[in-house]
Amino acid sequence: MPNGRRPLQDGRQPPFPVASYDEAENGEVDHMSTLETNKITKIYPGTVALNEVSVSFESGKVHALLGKNGSGKSTLLKIFSGAVEPSGGQVILDGAPMKFHNPGEAFEKGIATVYQELSLVPGLTVAENIFLGRMPMKGFMVDWKRTYAMAQDLLKDLGVDIPAEEMVYNLSVGQAQMIEIVKAMSFNPKVLQLDEPTSALAKNEIEALFGMIRKLKKKNVIIIYVSHRLHELWEIADSCTVLREGHYIGKAPMQQLTRKDVIQMMFGDVEIRTRPDDLTVADEVVLEVKGLSRRNKFQDVSFQLRKGEVLGIAGMLGSGRTELLKSIFGADSFDKGEIYCNGKQIHTPTPEKMKKAGLAFTPEDRKHEALIQTASIKDNLCMASLDLIAEGSFIRKNIEKEFVERQVSDLQIKVADVNHQVSSLSGGNQQKVVVGNWLNTNPKIMIFDEPTRGIDVNAKQQIFQIIWEQSRKGISSIMVSSELEELLEVCHRILILKDGQISGEFAPEELKIDELYALSMGGE
Amino acid sequence: MKTSTSTSTSTSTSRSTKTPPLLTLALKKNLNKHVLEIILLVIVVAMAFASSGFLTTDNLLNILRNMAMQGCIAFGMTMVIIAGEIDLSIGSTVAVSGVIVGLVSGKLSSSGILPIDAAVVVGIIASFLVAGLIGYFNGWILTKYKVPSFIITLAMLNVVYGIAAVLSKGFPVTTFPSWFNVFGAGEIFSIPIPAIILLAVFAVILLIMNYTKFGRSVYAVGGNPESAHLSGINVSRVKIICMVVVQLLSALSGILLSSQVMSGSFNFGKGWEMIAISSVIIGGTSLFGGIGKVWGTFIGLIFLGVLINAMTLLNINEYVQYIVRGLLILTAVLITTIQLMKKRKS
Chain A
1 MPNGRRPLQD GRQPPFPVAS YDEAENGEVD HMSTLETNKI TKIYPGTVAL
51 NEVSVSFESG KVHALLGKNG SGKSTLLKIF SGAVEPSGGQ VILDGAPMKF
101 HNPGEAFEKG IATVYQELSL VPGLTVAENI FLGRMPMKGF MVDWKRTYAM
151 AQDLLKDLGV DIPAEEMVYN LSVGQAQMIE IVKAMSFNPK VLQLDEPTSA
201 LAKNEIEALF GMIRKLKKKN VIIIYVSHRL HELWEIADSC TVLREGHYIG
251 KAPMQQLTRK DVIQMMFGDV EIRTRPDDLT VADEVVLEVK GLSRRNKFQD
301 VSFQLRKGEV LGIAGMLGSG RTELLKSIFG ADSFDKGEIY CNGKQIHTPT
351 PEKMKKAGLA FTPEDRKHEA LIQTASIKDN LCMASLDLIA EGSFIRKNIE
401 KEFVERQVSD LQIKVADVNH QVSSLSGGNQ QKVVVGNWLN TNPKIMIFDE
451 PTRGIDVNAK QQIFQIIWEQ SRKGISSIMV SSELEELLEV CHRILILKDG
501 QISGEFAPEE LKIDELYALS MGGE
Chain B
1 MKTSTSTSTS TSTSRSTKTP PLLTLALKKN LNKHVLEIIL LVIVVAMAFA
51 SSGFLTTDNL LNILRNMAMQ GCIAFGMTMV IIAGEIDLSI GSTVAVSGVI
101 VGLVSGKLSS SGILPIDAAV VVGIIASFLV AGLIGYFNGW ILTKYKVPSF
151 IITLAMLNVV YGIAAVLSKG FPVTTFPSWF NVFGAGEIFS IPIPAIILLA
201 VFAVILLIMN YTKFGRSVYA VGGNPESAHL SGINVSRVKI ICMVVVQLLS
251 ALSGILLSSQ VMSGSFNFGK GWEMIAISSV IIGGTSLFGG IGKVWGTFIG
301 LIFLGVLINA MTLLNINEYV QYIVRGLLIL TAVLITTIQL MKKRKS
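For the record, the sequence lines run as chains A and B.
At position 334 of the first sequence the residue is numbered 334 (the numbering used here), and the sequence of numbers has no breaks.
At position 334 of the second sequence the residue is numbered 334 (the numbering used here), and the sequence of numbers has no breaks.
FYI, nobody ran anything at the bench for these hints, they're computed from the structure.
Wrong hints could be hidden among the right ones.
To be verified - Here are the simulated DSS-like pairs of lysine-lysine, each with C-alpha atoms no more than 25 Å apart in a straight line: (1) Lys-144/B / Lys-353/A; (2) Lys-367/A / Lys-169/B; (3) Lys-144/B / Lys-356/A; (4) Lys-146/B / Lys-367/A; (5) Lys-146/B / Lys-397/A; (6) Lys-378/A / Lys-33/B; (7) Lys-146/B / Lys-401/A; (8) Lys-213/B / Lys-353/A.
Please take these sequences and the hints and turn them into a complete structure.
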């Protein structure tokens, strides 16, 4: 098979190398390829992001690359993908030193990267997205028959059960993620970097993705896998490479490590906390939801929230959890049901009304729903509390300053200057800004939708501490997370939301994590 | 003694080697920040040498007077653009408000219902009302049916132009008492009244955008409407108010214009939306919303005004002026965009 090209099913030669996944079974594995770095260093003004890091990744394996925010792991990914040029040291692919000036060059040499943010065009079909800019032609016209045949072929090879004619906007996030990987693999890369591929996926989607990654391994690809979800690493990764504060800490086979080992490598010494004992729940009901329903989203949801209580809602993606929270907060409408705050019914809620009633809501999608990226950290911290920092119509700069400083110090937000754009902060610090924005409104009830999404373990612990601290002050919280172990750690009480209905209520002490997952997913 | 001198010389040398780069850095930063102001300054200085008539009080006041009417609209447009919207219909509002003042005052006084002076006041109120309604309509369609403001106001540009033409039957309306000329042509301490009104509008909009809750929510709504909504800000209300404000300011301009020329015509205000939008954009406001400065619009206005004035003084052919103006708008926008890109990178 010259050039690694492989005829399509109908015998025609594709115009570019098409990945083949049955070669491994046929025993035609190429020689093993390796991606190495030799004392790679990246210096930014004021910080050393990578300090003489030497690592090596072999093909046919999934290599977990771990480190908290600021550990240098993102910088390393960017150096491999050509987005960042190193200050010193070398990248070596199959023994040859590489020098990439832009992502295009890295891509040409066979390093493909699939980022957290998806880059598919929603208005095009799956096949068009995969072959964007390089569709097979028949004269001046696109050869649609071949385009779809080739795409279907690729999809089948990777075991992805999505029709090539499907429009991308009809796909779920998980399906789009898989198409993104199929697209990357259609270039037949030597290295595939996956940056947080599961952060937005539900459990069953993760299973499908893992099935696909296992197939990729057989194709002799070097897979570099970055994830904040530690527990999934034992399922998918073969080795684990850890960076901390720009230094290489170590690399070990995944199966030889325990969760504790990995955390030890990532953070040095950090204890994993459980819910403190001093958090008490009063009898007073601060929020009551009665028979809330929204067509095709959730049905007949009823629960009570007590003063100081931290209530968890366990639900997979598609369970209606985000829709439920948004309806309670008035951001979306609902068809039936009643919402009572402190015993008083709120008719046709809007975010404005609910804010006045003492509710606060931190959305799941930090970038698009919670923060104003064009505005400063300062402005983002006072967005919900504009009424409180103003006298009449005019903003009082001294009150504003007080509000900003209070959150920066209480929440330990790491900022150089509060006038910088909020987008300059790390994910964890951005999340703290979102929380701080709402704490400034003196809320009685905080609603957290996936508060720990895409932030490191340390920042997660800080968010939990904040939730507990609010509980001590008598502020109640509702928290949704798809990482159910977090709910066990944080909450007083857990409701299970499945297919839009509450199917159970438990105290965290009554449940083990696998039981909770089983209950939320149902069936198995 | 000896040691102390040696240390003092060593510190002084280290300081002297350190100071220049720091100074140039600070200078460079400031240069970057105020590049538009600097270019403006260069033009002014160059013009002072090129034309003796340029740097005179009369001419400078003339520039302000010439930009005053479009300028009032530009400040409203700044709010609209920061809120992430646009209003292309303002030129027609300029026309219709002059026509309405003329018609209402003419009809009321000729039929003997009101004396002409009171009738003009009623006419002015009527034109503000109509402009406010147009703005409310734009904002309502925009927020209720999520139609892009570009399209709504493009449609309204035609509708309102048509209304102005129908109302005036295609003829200029000239039923104004002579004192009405004061607004557009009068002076206070030899400063043209339109210039004073421009500065007042500038001050008020600056105050609103920089120091009030409402101003802050305009930035929020333009930066990310979803986040603003989920922060409990009434996004629709903010957008509608912005659309109304720009229309009211357009009516103000229309009244000033008809006062200046003592006539109202459906042909007034043609293409003013482009001048207003240009000065906003030259001033560094992003068409994507959320980013912008009222001060920038002021500089943008002066920039355009000085440029047009300079070219006229230098006897540059009117058609060539269009070319230069267009290219300069593009250059100014490129400068601000490149700066923004650099900022993003660092």
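Hint-by-hint comparison with the structure:
1. Lys-144/B / Lys-353/A: Judged against 25 Å, a Cα distance of about 19 Å means the pair holds.
2. Lys-367/A / Lys-169/B: 53 Å, violated
3. Lys-144/B / Lys-356/A: 24 Å, holds
4. Lys-146/B / Lys-367/A: The given pair, whose Cα atoms are some 22 Å apart, holds under the 25 Å limit.
5. Lys-146/B / Lys-397/A: 35 Å, violated
6. Lys-378/A / Lys-33/B: 21 Å, holds
7. Lys-146/B / Lys-401/A: Measuring from Cα to Cα gives roughly 36 Å; hence the hint is violated.
8. Lys-213/B / Lys-353/A: 18 Å, holds
Violated hints, in rising order: 2, 5 and 7; the structure is consistent with all others.
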